[in-house]
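Protein chains in written order, with the numbering used here: chain S, 1 to 151; chain A, 1 to 238; chain E, 1 to 617.
In case anyone wonders, no lab produced these hints; they're calculated from the structure.
No experiment lies behind these values; they were computed from the predicted model shown.
Please note that a few of the clues may not be correct.
[Claimed, not checked] Below, a list of computed lysine to aspartate or glutamate pairs in the DMTMM-like style, where the Cα atoms sit at most 20 Å apart:
1. A:Lys82 <-> E:Glu265
2. A:Lys57 <-> A:Asp8
3. A:Lys194 <-> A:Asp229
4. E:Lys317 <-> S:Glu61
5. A:Lys83 <-> E:Glu265
6. E:Lys582 <-> S:Glu61
7. E:Lys317 <-> A:Glu160
8. A:Lys82 <-> A:Asp104
9. A:Lys200 <-> A:Asp229
10. S:Lys12 <-> E:Glu46
11. A:Lys80 <-> E:Glu509
12. E:Lys554 <-> S:Asp16
13. E:Lys336 <-> S:Asp16
14. S:Lys96 <-> S:Glu61
15. A:Lys80 <-> E:Glu265
16. E:Lys324 <-> A:Glu51
17. S:Lys30 <-> S:Glu5
18. S:Lys36 <-> A:Asp121
19. S:Lys4 <-> S:Asp16
20. S:Lys45 <-> S:Asp87
[To be verified] Partner residues are not named here, just some residues of chain A that face chain S (Cβ under 7 Å, in silico):
21. Gln21
22. Thr58
23. Pro156
24. Cys202
25. Ala203
Don't be surprised by glycine CBs; every beta carbon is placed ideally from N, CA and C.
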Amino acid sequence: MKEKELENIINKYRADPTEIMNMLLDIQEKEKFLPKTALSYLSGKLGLPLTRLYQMATFYEALSLTPSGRNQIHVCTGTACHVRGADGILNKLEQKLSIKPGQVTPDQKFSLKTVNCLGACALGPVLLVNGEYYGHMSALKIDSMLQRSSE
Amino acid sequence: MITLWIDDKQYEAAEGRTILQVALDNGIQIPHLCYHENLSSFGGCRLCQVEVTRDNKTVLTTSCTYPAMDGIIVRTDTPKVKKARRFVMELLLSLAPDAPKIQDLAQEMGIVATRFTPAGDNCIRCGLCVRACDELVGAHAITFAHRGAQRMVEPPFAEEAENCIGCGTCVQICPTGFISMEEQGMERKIGKWKRTLKMKACAKCGRPFISFAEIAFIMDKVKNPPPADWFDYCSDCR
Amino acid sequence: MHRLTSVEELEKIRKITLEEKSKKSSCLTVCLGTGCQAYAGQRVYETLKKEITSHNLTAEIELKATGCRGFCEQGPILVLYPGEICYCRVQPENVPDIIKTTVIENRIIEDLLYQDPVTGQRFIKESEIPFYRNQSRIILGANRFINPQDLGDYLAQGGYRALAKTLEEMTPEQVIAEIEKANLRGRGGGGFPAGLKWETTRRAPAKKKYVIVNADEGDPGAYMDRSLLEGNPHLILEGLSIGAYAIGADEGFIYLRQEYPLPLENLSIAIKQAEEYGLLGTNILGTGFNFSVKIKRGAGAFVSGESSALMSAIEGKIGEPRPKHINTALSGINGKPSNLNNVETWANVPIIIEKGAEWYTHIGNATNKGTKIFSLVGKVNNTGLIEVPMGIPLKKIIFDLGGGIPGGKKFKAVQTGGPSGGCLPQHHLDTPVDFDHLHELGSMMGSGGMIVMDEETCMVDVAKYFMHFLKDESCGKCVSCREGTRKMYEILEAITLGQGKEEDIPLLEELAWVTSNTSLCALGRTASNPVLSTLKYFRDEYEAHIREKRCPAKVCKALIQYTIDQEKCNGCGRCRNLCPQKAIEGEKGSPLTINAQSCIRCGICREACRFEAVIVR
Numbered sequence: 001m002k003e004k005e006l007e008n009i010i011n012k013y014r015a016d017p018t019e020i021m022n023m024l025l026d027i028q029e030k031e032k033f034l035p036k037t038a039l040s041y042l043s044g045k046l047g048l049p050l051t052r053l054y055q056m057a058t059f060y061e062a063l064s065l066t067p068s069g070r071n072q073i074h075v076c077t078g079t080a081c082h083v084r085g086a087d088g089i090l091n092k093l094e095q096k097l098s099i100k101p102g103q104v105t106p107d108q109k110f111s112l113k114t115v116n117c118l119g120a121c122a123l124g125p126v127l128l129v130n131g132e133y134y135g136h137m138s139a140l141k142i143d144s145m146l147q148r149s150s151e
Numbered sequence: 001m002i003t004l005w006i007d008d009k010q011y012e013a014a015e016g017r018t019i020l021q022v023a024l025d026n027g028i029q030i031p032h033l034c035y036h037e038n039l040s041s042f043g044g045c046r047l048c049q050v051e052v053t054r055d056n057k058t059v060l061t062t063s064c065t066y067p068a069m070d071g072i073i074v075r076t077d078t079p080k081v082k083k084a085r086r087f088v089m090e091l092l093l094s095l096a097p098d099a100p101k102i103q104d105l106a107q108e109m110g111i112v113a114t115r116f117t118p119a120g121d122n123c124i125r126c127g128l129c130v131r132a133c134d135e136l137v138g139a140h141a142i143t144f145a146h147r148g149a150q151r152m153v154e155p156p157f158a159e160e161a162e163n164c165i166g167c168g169t170c171v172q173i174c175p176t177g178f179i180s181m182e183e184q185g186m187e188r189k190i191g192k193w194k195r196t197l198k199m200k201a202c203a204k205c206g207r208p209f210i211s212f213a214e215i216a217f218i219m220d221k222v223k224n225p226p227p228a229d230w231f232d233y234c235s236d237c238r
Numbered sequence: 001m002h003r004l005t006s007v008e009e010l011e012k013i014r015k016i017t018l019e020e021k022s023k024k025s026s027c028l029t030v031c032l033g034t035g036c037q038a039y040a041g042q043r044v045y046e047t048l049k050k051e052i053t054s055h056n057l058t059a060e061i062e063l064k065a066t067g068c069r070g071f072c073e074q075g076p077i078l079v080l081y082p083g084e085i086c087y088c089r090v091q092p093e094n095v096p097d098i099i100k101t102t103v104i105e106n107r108i109i110e111d112l113l114y115q116d117p118v119t120g121q122r123f124i125k126e127s128e129i130p131f132y133r134n135q136s137r138i139i140l141g142a143n144r145f146i147n148p149q150d151l152g153d154y155l156a157q158g159g160y161r162a163l164a165k166t167l168e169e170m171t172p173e174q175v176i177a178e179i180e181k182a183n184l185r186g187r188g189g190g191g192f193p194a195g196l197k198w199e200t201t202r203r204a205p206a207k208k209k210y211v212i213v214n215a216d217e218g219d220p221g222a223y224m225d226r227s228l229l230e231g232n233p234h235l236i237l238e239g240l241s242i243g244a245y246a247i248g249a250d251e252g253f254i255y256l257r258q259e260y261p262l263p264l265e266n267l268s269i270a271i272k273q274a275e276e277y278g279l280l281g282t283n284i285l286g287t288g289f290n291f292s293v294k295i296k297r298g299a300g301a302f303v304s305g306e307s308s309a310l311m312s313a314i315e316g317k318i319g320e321p322r323p324k325h326i327n328t329a330l331s332g333i334n335g336k337p338s339n340l341n342n343v344e345t346w347a348n349v350p351i352i353i354e355k356g357a358e359w360y361t362h363i364g365n366a367t368n369k370g371t372k373i374f375s376l377v378g379k380v381n382n383t384g385l386i387e388v389p390m391g392i393p394l395k396k397i398i399f400d401l402g403g404g405i406p407g408g409k410k411f412k413a414v415q416t417g418g419p420s421g422g423c424l425p426q427h428h429l430d431t432p433v434d435f436d437h438l439h440e441l442g443s444m445m446g447s448g449g450m451i452v453m454d455e456e457t458c459m460v461d462v463a464k465y466f467m468h469f470l471k472d473e474s475c476g477k478c479v480s481c482r483e484g485t486r487k488m489y490e491i492l493e494a495i496t497l498g499q500g501k502e503e504d505i506p507l508l509e510e511l512a513w514v515t516s517n518t519s520l521c522a523l524g525r526t527a528s529n530p531v532l533s534t535l536k537y538f539r540d541e542y543e544a545h546i547r548e549k550r551c552p553a554k555v556c557k558a559l560i561q562y563t564i565d566q567e568k569c570n571g572c573g574r575c576r577n578l579c580p581q582k583a584i585e586g587e588k589g590s591p592l593t594i595n596a597q598s599c600i601r602c603g604i605c606r607e608a609c610r611f612e613a614v615i616v617r
């Protein structure tokens with residue numbers, strides 16, 4: 001991430017250290033992860049210890065220190081999705097992609113994550129793939145979903 | 001001054017003191033692990049449970065985080081308190097079953113073994129090292145990372161703790177021996193923080209006694225730095 | 001647009017907006033809530049726009065994208081006014097027909113009407129559908145008329161009238177008295193009286209005070225707040241502003257979970273609009289009242305929804321709970337008095353102020369007033385958001401509004417209160433749904449998740465699910481919560497794997513006791529509820545797992561086996577082609593068999609079989 005872009009994000013929040021979470025989320029959104037250099041830069045600019053930024057980066061589900069795949073698959077494991085079989089879908093994806101949640105395929109094509117609830121409970125089980133919701137999923141529909149999303 | 005009751009006796013306390021501090025000041029024993037007099041209260045080990053009655057409501061709570069308040073009634077020995085402490089102790093023992101300090105505390109409460117499979121790396125996540133590094137030393141070299149069952153203490157990015165000056169405060173304060181420090185020739189190693197530091201030898205006795213990183217840290221932080229040759233000699237020879 | 005500088009100006013602009021809207025003879029609303037968007041709602045909207053233009057109907061028809069209407073099961077939903085003709089599961093290819101037949105020729109398309117899954121009866125009007133008919137949508141009702149990105153729509157619905165009334169006619173004390181009289185209780189779960197909380201913060205001796213919206217809706221299986229925020233954001237801003245005036249705060253925060261992109265967008269737009277119109281900022285409506293609002297985003301941590309943790313997060317610290325021996329109402333953000341309520345609580349405020357506590361208290365029962373929004377999900381026919389009077393029996397919700405259990409299966413339990421709540425069995429279905437009754441039974445109201453479970457749900461698996469959630473979501477600071485939830489999870493996992501021991505149940509009970517009695521915050525203190533409530537009502541299922549190594553609901557993989565009914569199987573081979581383990585053996589055309597050794601019990605064969613020949617034992 002360029003210094004200019006980081007400066008823009010810092011200035012967007014008036015270099016206010018209490019806005020650190022908004023800044024981290026903006027970086028995450030742009031880069032799909034939090035580069036170490038960006039955290040060090042923020043630490044220096046805002047006068048916050050790097051330890052604190054690292055703690056935040058590992059505490060929150062939405063922040064990641066490793067780059068994501070080109071296609072991001074989120075499996076909702078909320079209660080409504082769970083009772084409707086989200087587990088089976090997750091297992092199928094793990095098997096299909098040969099990765100565990102939190103990991104990226106070796107070709108960087110897919111990353112797999114679970115999310116506690118997407119708030120689309122009526123559609124359960126739900127997947128969020130590259131920002132698009134797939135409702136009433138079943139293990140049978142996984143192949144076509146992967147096909148479609150990687151096109 | 002604040003007046004409060006602990007186990008049927010009245011005590012006076014200054015504003016801002018916690019129940020645990022008042023108790024310890026007055027020789028009342030309450031077991032505790034994550035509390036240290038020179039550090040902020042944390043409330044993580046949950047061992048210092050007491051029952052507090054305030055406005056006719058009684059709660060089980062940790063005495064290290066509860067401020068001494070006027071008129072509160074504290075009980076340190078009720079069946080509920082004992083039950084809570086015993087079970088918490090059993091959980092702590094499962095995290096650091098080989099640590100002498102933990103074993104001793106457990107034994108005092110009559111616990112010889114834990115029913116749980118030892119889950120641990122010997123770290124009980126009491127946070128003494130993190131707070132000491134932040135609050136006493138000011139180096140901010142290590143932190144808690146991750147959450148829930150994955151929570152642990154580590155340097156940023158789980159790499160070498162670049163801010164660590166090798167002062168050894170974390171090693172001394174750790175109640176379980178989770179953190180250790182090794183001296184090898186002119187180097188000091190803290191394995192847990194992946195840190196190796198070059199040491200300076202005393203000009204008189206030749207003993208390596210302080211890391212160059214610590215000297216730089218002190219010269220930078222202290223308002224009136226000592227004379228330049230201050231660190232030529234160890235404290236014994238100075 | 002120039003800032004409104006008086007209540008008269010607000011009323012003037014409302015009049016102009018209404019006149020403008022009345023020029024069009026009909027209004028076509030399409031739900032574009034998150035649920036309907038997942039079913040191609042956006043493309044339906046785009047196609048409608050195109051068709052309306054190509055038929056030169058733009059002067060007559062107002063096309064409106066609304067927020068969530070709650071009946072997500074049937075989405076995308078389209079309603080045409082006047083006439084309130086409601087079409088369900090509309091797809092882009094239906095649009096030309098809708099314009100031609102219904103809009104132009106004024107005829108109904110039967111196939112697109114809602115059909116009751118049990119009786120087969122079709123309904124024309126949205127409000128006649130049993131799902132809606134049995135509700136009291138005093139909060140959610142406006143969603144269907146409002147484009148959440150258009151302040152005009154909110155004004156047309158009478159929006160900001162309550163704020164104007166507050167600022168012009170009421171003292172802060174009167175506002176609090178009204179909220180107290182309405183007996184508004186916190187909808188976030190605890191049910192604490194909002195008026196009392198406001199009063200505490202108001203009386204706190206400090207100049208600077210804060211009001212906060214808890215929009216960190218973290219309960220898995222619940223999305224009430226999401227729908228309110230994305231469907232009617234100005235309602236929340238208006239409620240918050242009224243609260244700020246009553247409490248004496250000049251700054252507000254909305255702590256919004258990051259997983260909700262649409263609410264973030266709509267809320268950001270709404271704040272900007274309100275600032276432009278002088279409904280937020282300095283000297284609001286010329287009354288001298290100053291109030292500004294900022295959005296703070298969460299980043300995916302359930303524990304950060306706890307009030308003290310949320311306030312730490314707003315301060316830019318890690319979202320971990322801190323001791324609350326001194327109430328956050330007195331010492332919250334930066335040690336200043338801070339009043340926190342959840343989204344739905346704030347949404348109730350303008351309605352109470354506008355219609356009066358007297359009107360409001362006619363809804364509900366003796367100690368629980370008003371309505372409650374639930375997300376009715378899981379194994380139930382009509383899944384969606386419902387708003388019902390407090391005190392309505394569980395049975396009515398699940399069977400009348402929810403239409404019962406799909407596929408003729410038997411009801412087993414309903415889970416309320418999210419991970420802090422509990423599972424209630426059949427014999428408690430007559431329980432009135434309110435804060436007090438649910439608490440008595442070992443569950444809780446929570447923020448409003450209501451997950452229905454049928455006979456194919458394993459209650460040990462459900463308890464394990466929640467413990468898995470909580471052990472990951474615990475911040476990990478307290479040893480009792482961190483290790484308690486972890487160890488409960490490990491025991492439950494062993495039980496579901498068929499490795500349970502007789503002494504596991506008492507040990508679970510002991511762990512539950514220590515976790516709920518010695519942890520710092522509400523997460524830890526309620527973490528054992530899912531275990532305790534399932535042990536209380538479904539102990540026999542635990543015992544079957546432990547003693548007989550049997551999962552009665554046939555869910556726990558280690559305790560079940562897939563086989564093929566040799567009578568029903570015609571050897572079509574569909575399952576064999578789809579089986580990821582190549583565990584299905586036999587010749588095409590004759591009944592197949594499953595190799596139990598390589599079968600991983602993923603259930604794909606059962607899902608694939610068109611002849612119900614795959615059986616689970």
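Hints versus structure:
no., hint, result
1, A:Lys82 <-> E:Glu265, "52 Å, violated"
2, A:Lys57 <-> A:Asp8, "17 Å, holds"
3, A:Lys194 <-> A:Asp229, "30 Å, violated"
4, E:Lys317 <-> S:Glu61, "16 Å, holds"
5, A:Lys83 <-> E:Glu265, "50 Å, violated"
6, E:Lys582 <-> S:Glu61, "36 Å, violated"
7, E:Lys317 <-> A:Glu160, "24 Å, violated"
8, A:Lys82 <-> A:Asp104, "17 Å, holds"
9, A:Lys200 <-> A:Asp229, "12 Å, holds"
10, S:Lys12 <-> E:Glu46, "33 Å, violated"
11, A:Lys80 <-> E:Glu509, "15 Å, holds"
12, E:Lys554 <-> S:Asp16, "54 Å, violated"
13, E:Lys336 <-> S:Asp16, "19 Å, holds"
14, S:Lys96 <-> S:Glu61, "24 Å, violated"
15, A:Lys80 <-> E:Glu265, "50 Å, violated"
16, E:Lys324 <-> A:Glu51, "16 Å, holds"
17, S:Lys30 <-> S:Glu5, "10 Å, holds"
18, S:Lys36 <-> A:Asp121, "27 Å, violated"
19, S:Lys4 <-> S:Asp16, "17 Å, holds"
20, S:Lys45 <-> S:Asp87, "44 Å, violated"
21, Gln21, "27 Å, violated"
22, Thr58, "34 Å, violated"
23, Pro156, "4 Å, holds"
24, Cys202, "32 Å, violated"
25, Ala203, "34 Å, violated"
Violated hints, listed in ascending order, are 1, 3, 5, 6, 7, 10, 12, 14, 15, 18, 20, 21, 22, 24 and 25; each of the other numbered hints is respected by the structure.
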